[in-house]
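Participant: Heads up: the protein sequence lines correspond to chains X and R, in order. In this text, residue positions in the first sequence follow the numbering used here: the first is 661, and each later residue adds one. In this text, residue positions in the second sequence follow the numbering used here: the first is 661, and each later residue adds one.
By construction, these hints were calculated from the structure, which means they are not laboratory data. Honestly, I wouldn't trust all of these hints.
All copies of an identical chain are treated as equivalent in the list; a pair is satisfied when it fits inside any one copy or across any two copies.
Unchecked claim - Calculated cross-link-like contacts (lysine-lysine; reagent style PhoX-like; alpha-carbon spacing at most 20 Å):
{"hint": "1", "residue 1": "K889", "residue 2": "K669"}
{"hint": "2", "residue 1": "K889", "residue 2": "K687"}
{"hint": "3", "residue 1": "K687", "residue 2": "K891"}
{"hint": "4", "residue 1": "K671", "residue 2": "K687"}
{"hint": "5", "residue 1": "K671", "residue 2": "K891"}
{"hint": "6", "residue 1": "K891", "residue 2": "K672"}
2 protein chains.
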Amino acid sequence: MAIGGAEDKIKKRVILSEFTRMAGGEKARIVIVPAASMMPRERGDLYASLFRELGAADVDVVHVANRPEANSPLVVECLERATGVFVTGGVQLRLISMLGGTEMSSSIRALLARGGVYGGTSAGAAVISSHMIVTGRGGLRVRRGMVDMAPGLGLVHDVIIDQHFSQRGRLGRLIASVGLNPQFLGVGIDEDTAAIFSPGGTVEVIGEGQVAVLDASQVTRTNLDIVPKTKPFSIVGLQMHLLTDGNRFNLRTRSAEDPSEVVRLTPSRKKA
Amino acid sequence: MAIGGAEDKIKKRVILSEFTRMAGGEKARIVIVPAASMMPRERGDLYASLFRELGAADVDVVHVANRPEANSPLVVECLERATGVFVTGGVQLRLISMLGGTEMSSSIRALLARGGVYGGTSAGAAVISSHMIVTGRGGLRVRRGMVDMAPGLGLVHDVIIDQHFSQRGRLGRLIASVGLNPQFLGVGIDEDTAAIFSPGGTVEVIGEGQVAVLDASQVTRTNLDIVPKTKPFSIVGLQMHLLTDGNRFNLRTRSAEDPSEVVRLTPSRKKA
């Protein structure tokens, strides 16, 4: 579950409730990782009390401040018992440089393999894909040089995730990311909105805002390969899908699925 | 020629030079209409001196402050002698309520029919199409109610033009405009950038920024018809083309044309 940041923590808490439900509800054992945050204690405590209020059976906060700590047996043991891991916002470069290639990231992969759930908001969402956006200017003015990328945790493949999408005007940088290599679908997630990736290769939207899916596979022409970094680039044939709560998109066929089907398949959340 | 506003008036003046060239260059007789502006005298004088500097043979400023003045024989006579008319920025509602259905707008249509050229920047660009955007919030957060429309001058059909496009984050409102009726192509023009519509049904881009062309004809699903005005809407299958200087797009086939062909067809500007 990739959350676009600033998810509602006070009112209906639709997204955090759904994460708790997916992690097992009353049987959920959730591990919070606030490593991306500059105030990890406060962040960790905040989410811990939220998940407890939402009915999770067991909530732990794991604090890691460097790579050796992310390799510690204590952390691995904690994740081995978990049904869900929740990674908070902050600085994604800080997060990935601490977790990338550690025992902790292996434990997170093992958690998913046994049916557990990963939730990440903001920076915690950005690191989910194999290729992630590290920095880059916002704004619709598309420039080739407006985005820098780095390897992510690789929990979801063939997508590039961006967050705070509408709120920070990041369409341009996501187009720049997918325009060069149409293998990757761009997934831009608004605040208080989540994209739930399933092992079956679909993504479903919940929350208040939109998820933009950018598909460059039909692009017939772009000058991305030759245009100077500071200049706007051209791209012809980009497909854009704007999805809202309840919409579901198939990442393999690159097409939207019928929303009526979505309602039928996920009755539990509709009742909640 | 629809200009996205804030065209360069000091340095290379690519756009205003091209307008002057299209109006006949040394033989150009240009009429400036600053009716949309709140300071029409200053606006008119500014553009008059610019077009004179750029070599136009004859430059007039026509001031109209109400509909009777836009029906006056003096104005009609002035436009009958012109090879180009240039409409400045300001408030498009002010402009269209003053010109719509007047002798002046008939004279502008006649000017185009005999091979003359219309140039409009900002509000002057917005009024070109049959359906124009009057007001509407900027920002990527797409809401159904984010755009209000009104009839424009109808010099170009089957498009809806928006200006200051990237600079004011107007993608959302243009999607809202074309999403409901895919007959219309959305044309969003950046500042210091122009879209040149030809009678043959092509549009060519010049200037520093981008022109976004939005095509909703392949949209397979949207909830625009049912979603509350204040909520984000979904739209699946929108096509987006980002065009830059020298790119040409065929409005009839809704596809981009080969840029090498553009260079071959318009050698005069490339030399200028």
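Participant: All hints are to be evaluated individually against the structure, with a verdict given for each.
Facilitator: Evaluated hints:
no. : hint         : result
1   : K889 to K669 : neither (40 Å within a copy, 25 Å between copies)
2   : K889 to K687 : neither (51 Å within a copy, 40 Å between copies)
3   : K687 to K891 : neither (53 Å within a copy, 34 Å between copies)
4   : K671 to K687 : neither (23 Å within a copy, 68 Å between copies)
5   : K671 to K891 : between (44 Å within a copy, 18 Å between copies)
6   : K891 to K672 : between (44 Å within a copy, 17 Å between copies)
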